[in-house]
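Visitor: Put chain B on the given structure of chain G with help from the hints.
Just so you know, the sequences run in chain order G and B. Residue 260 in my numbering is what sits at position 260 of the first sequence, and the numbering runs on without skipping anything. Adding 517 to a residue's 1-based position in the second sequence gives its number in my numbering.
Treat the hints with care, since some could be wrong.
As the list claims (entries may be wrong) - Distance ranges between label pairs, derived from CB positions:
(1) B:W586 to G:N51: 24 to 32 Å
(2) B:A628 to G:A81: 51 to 59 Å
(3) B:N592 to G:A88: 45 to 53 Å
(4) G:R19 to B:A628: 35 to 43 Å
(5) B:N592 to G:N51: 39 to 47 Å
(6) B:K563 to G:A81: 35 to 43 Å
(7) G:D60 to B:W586: 22 to 30 Å
(8) G:L386 to B:K563: 53 to 61 Å
(9) G:S408 to B:K563: 24 to 32 Å
As the list claims (entries may be wrong) - Here are some chain G residues the structure puts well away from chain B; computed CB gaps all over 10 Å:
(10) R11
(11) A34
(12) T48
(13) A52
(14) L71
(15) L206
(16) I245
(17) Q310
(18) L370
(19) I380
If you're looking for bench data, these hints aren't it; they were derived computationally from the structure. All C-beta atoms in this analysis are idealised placements derived from N, C-alpha and C, irrespective of residue type, glycine included.
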Amino acid sequence: MAPNLHEFLLRLKALFLKRRMDRDMADELAFHRAMLRDKLLREGVPQTDVNAATRRTFGDPSRWHERLRELWQFQSLENLARDASFSARMLRKSPGFSVVAILTLALGVGANTTVFSIIDGLLLRPLPVPASDRLAVLGIHQGNPLPNYSFSEPLFRSLEHRHESFSEVIALSHTTLQVKGNAGSENISGQFVSGDFFFALETAPLLGRTLGPQDDHKGGHPAGFGVVVSESFWQRWFNRAPDVIGKKLEIDNTVVTVVGVMPKRFIGADPLERPELYIPLAAEPVLNGERSMTAAGIHGWWMTVMGRLQPQATLEQANAEMTAISSAVLHESTSDTGWIADREKRHFHFAAESGSAGFTYVRLLFRKPLAAVFAMCGGILLLACLNLASLLLARGAARQRELATRLSMGANRRRLVQQLLVESLLIAVTGTAAGLAIAPLVGKSLAAILLGGQFDAHIDTSLDIRLFGFAALAAIVAALVVGLIPALQATAGNLSEQIKQGQRGTQAHERQRILPR
Amino acid sequence: MERTSDTGQLIQGTLEMLILKALALGPLHGYGVAEWIHQTSQQMLKVEEGALYPALHRMELRGMLKARWGASDNNRRAKFYELTAEGQKRLHAEAQRWARLSSAVAFVMQAS
Numbered sequence: 001m002a003p004n005l006h007e008f009l010l011r012l013k014a015l016f017l018k019r020r021m022d023r024d025m026a027d028e029l030a031f032h033r034a035m036l037r038d039k040l041l042r043e044g045v046p047q048t049d050v051n052a053a054t055r056r057t058f059g060d061p062s063r064w065h066e067r068l069r070e071l072w073q074f075q076s077l078e079n080l081a082r083d084a085s086f087s088a089r090m091l092r093k094s095p096g097f098s099v100v101a102i103l104t105l106a107l108g109v110g111a112n113t114t115v116f117s118i119i120d121g122l123l124l125r126p127l128p129v130p131a132s133d134r135l136a137v138l139g140i141h142q143g144n145p146l147p148n149y150s151f152s153e154p155l156f157r158s159l160e161h162r163h164e165s166f167s168e169v170i171a172l173s174h175t176t177l178q179v180k181g182n183a184g185s186e187n188i189s190g191q192f193v194s195g196d197f198f199f200a201l202e203t204a205p206l207l208g209r210t211l212g213p214q215d216d217h218k219g220g221h222p223a224g225f226g227v228v229v230s231e232s233f234w235q236r237w238f239n240r241a242p243d244v245i246g247k248k249l250e251i252d253n254t255v256v257t258v259v260g261v262m263p264k265r266f267i268g269a270d271p272l273e274r275p276e277l278y279i280p281l282a283a284e285p286v287l288n289g290e291r292s293m294t295a296a297g298i299h300g301w302w303m304t305v306m307g308r309l310q311p312q313a314t315l316e317q318a319n320a321e322m323t324a325i326s327s328a329v330l331h332e333s334t335s336d337t338g339w340i341a342d343r344e345k346r347h348f349h350f351a352a353e354s355g356s357a358g359f360t361y362v363r364l365l366f367r368k369p370l371a372a373v374f375a376m377c378g379g380i381l382l383l384a385c386l387n388l389a390s391l392l393l394a395r396g397a398a399r400q401r402e403l404a405t406r407l408s409m410g411a412n413r414r415r416l417v418q419q420l421l422v423e424s425l426l427i428a429v430t431g432t433a434a435g436l437a438i439a440p441l442v443g444k445s446l447a448a449i450l451l452g453g454q455f456d457a458h459i460d461t462s463l464d465i466r467l468f469g470f471a472a473l474a475a476i477v478a479a480l481v482v483g484l485i486p487a488l489q490a491t492a493g494n495l496s497e498q499i500k501q502g503q504r505g506t507q508a509h510e511r512q513r514i515l516p517r
Numbered sequence: 518m519e520r521t522s523d524t525g526q527l528i529q530g531t532l533e534m535l536i537l538k539a540l541a542l543g544p545l546h547g548y549g550v551a552e553w554i555h556q557t558s559q560q561m562l563k564v565e566e567g568a569l570y571p572a573l574h575r576m577e578l579r580g581m582l583k584a585r586w587g588a589s590d591n592n593r594r595a596k597f598y599e600l601t602a603e604g605q606k607r608l609h610a611e612a613q614r615w616a617r618l619s620s621a622v623a624f625v626m627q628a629s
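Bound conformation, chain B alone:
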């Protein structure tokens, strides 16, 4: 009944950041977002559908994304997501946060 955080290997906040990044280059449908993350990470990251769509919809509800229906490359009806101004701001903030966090983790792991 209750929502369980079922995000595969990805932490919730990280998934949102990756989605924002994927959409920074232009509108994509859900499948496109998953493929882009998969390809760009050199097949390291796999976004589960069960995590992707709830995240997309939650972000749409919070006003980070805007959705619109259009035709895909092979002429199917698809739902395209794009960043709103709010989403842009969020991406910027998340990227900075992530840079600080990962360098901090790197420092710790390199300590001898």
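Chain G extracted, bound-state conformation:
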């Protein structure tokens, strides 16, 4: 290890003192020539012949200099840099090929990245709240293959206080609210949230306070129902007035009081929604009147229930606890014994599953179609790569002579393969960058089509680290798939045969097909 380290340090020094090293090498060689010249003069060679004689014994000094310089370089690194610039030159020399290759990959990678960005936004991206991996989503099993993720109000109210593994159990439900403004009413996206909602999501307000259990009572806070608004609503409606706390809003003919403003990054617990108003669950019967879901009692399935795990609790413990208390909750929620008996016959029980990405109903609808589309896009990318590989194969055949010449001039095969791979990597990286550039735009419109305008929903398809990682992986794999076989193929075989046949043209690559017909 020590000699290697020594060598590495010396090379590093040479890299930084390149100019001085160069001068020193030239000086050293010049000294040698001068000594040689002195010796020749001493031996009686006439002055006029000395120069020629020195050159004859010493050879070409610039060649030795080059050899020494190579010795001090980080060979592989500097070779790579040289390969990259050479590859760029080769690609610029055949713009037709380059454009087709890059566009082919851009389409393949673009399609994949787009679909991946939707999968990422819908399924993978964690909620922007602290320790989102400690969140869980609750579901109800009652004999169907898939659990039911909608709860009715009595079930939730019973669960809200009966838990040990969870520090909070919360409920939320999307709603559209009519807010009375100066110029008539406006429909605003909102969420009904239970008392512990903001505590479970551990996000502090920008202004004022969040809603708490004291707001989620029948009749609300002594001063009437409170409401928390989003930063964008605060900006649009109140023009960011600092004295917004305490202002009244008329929502669905009910006057409520603004108690707090949430920062922009907070999006609630449904990753597809961007609620602007957060209203206590207990206000639902008042706001919705005759259409109230709360009034439907045990038969109104309308809310999503989530929990935050206690610091020491595991998801398995929580799941077991939920199953254990199912029967008690069921009995507490209703006095309809016939209904309870029916549910118990179907093995009614609660279950907890990971909820780091929050819960959204759309996910259930699109998980399978998205997987199918993703697989299809993978196929498309593979096709694009194969097309490109055959393009490169043809190009390799056309470049047979150039490659054979370089081989005969002393380049070894590994270096040539490396250079050809760098060339395809360059294509792949450019193509991927182009694909990545168009992915968010296409992703946005695709998300809009997927959601069909039914929901005022929003899939976050912006670029993030996971997306970049995916694209980088796609680029590298594509480069290897595309480049390796043509590179090996093009540099294989008998050298001099290829130089000779290269002149005669076509029959050479007749035999070069990988797959016989």
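Guide: For chain B alone, coordinates are given in the frame of chain G:
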């Protein structure tokens, strides 16, 4: 592009050993090393410059030699090489290896 082993009549390892030996007597510049080998071998061995300098630099990189700039006899700026502890060790090992090898070759050639 690639390095070809262009060491004249000398095998690579042997050249390194001769360089180590030349420097065992004290610091020398590259020309001095070539001259010393040439003279000491009774003009039998001629070290090509194209082999000498890459070898010197490679040995410097591996830590067998240490280089320093100084003035030559006729007051020119020259690069002097000297052995490091690592180089001394290497010379010792090489000399032993060479003695074994040459006596083995001699045995074979004298066999009748």
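Visitor: If a hint holds in the structure, say so; if it does not, say that too.
Guide: Structure-based check of each hint:
no. : hint                         : in the structure
1   : B:W586 to G:N51: 24 to 32 Å  : holds, 26 Å
2   : B:A628 to G:A81: 51 to 59 Å  : holds, 56 Å
3   : B:N592 to G:A88: 45 to 53 Å  : holds, 49 Å
4   : G:R19 to B:A628: 35 to 43 Å  : violated, 58 Å
5   : B:N592 to G:N51: 39 to 47 Å  : violated, 23 Å
6   : B:K563 to G:A81: 35 to 43 Å  : holds, 38 Å
7   : G:D60 to B:W586: 22 to 30 Å  : holds, 25 Å
8   : G:L386 to B:K563: 53 to 61 Å : holds, 58 Å
9   : G:S408 to B:K563: 24 to 32 Å : holds, 30 Å
10  : R11                          : violated, 7 Å
11  : A34                          : violated, 7 Å
12  : T48                          : holds, 23 Å
13  : A52                          : holds, 16 Å
14  : L71                          : violated, 5 Å
15  : L206                         : holds, 61 Å
16  : I245                         : holds, 72 Å
17  : Q310                         : holds, 60 Å
18  : L370                         : holds, 50 Å
19  : I380                         : holds, 40 Å
Checked against the numbered hints above, the structure breaks hints 4, 5, 10, 11 and 14 and satisfies the rest.
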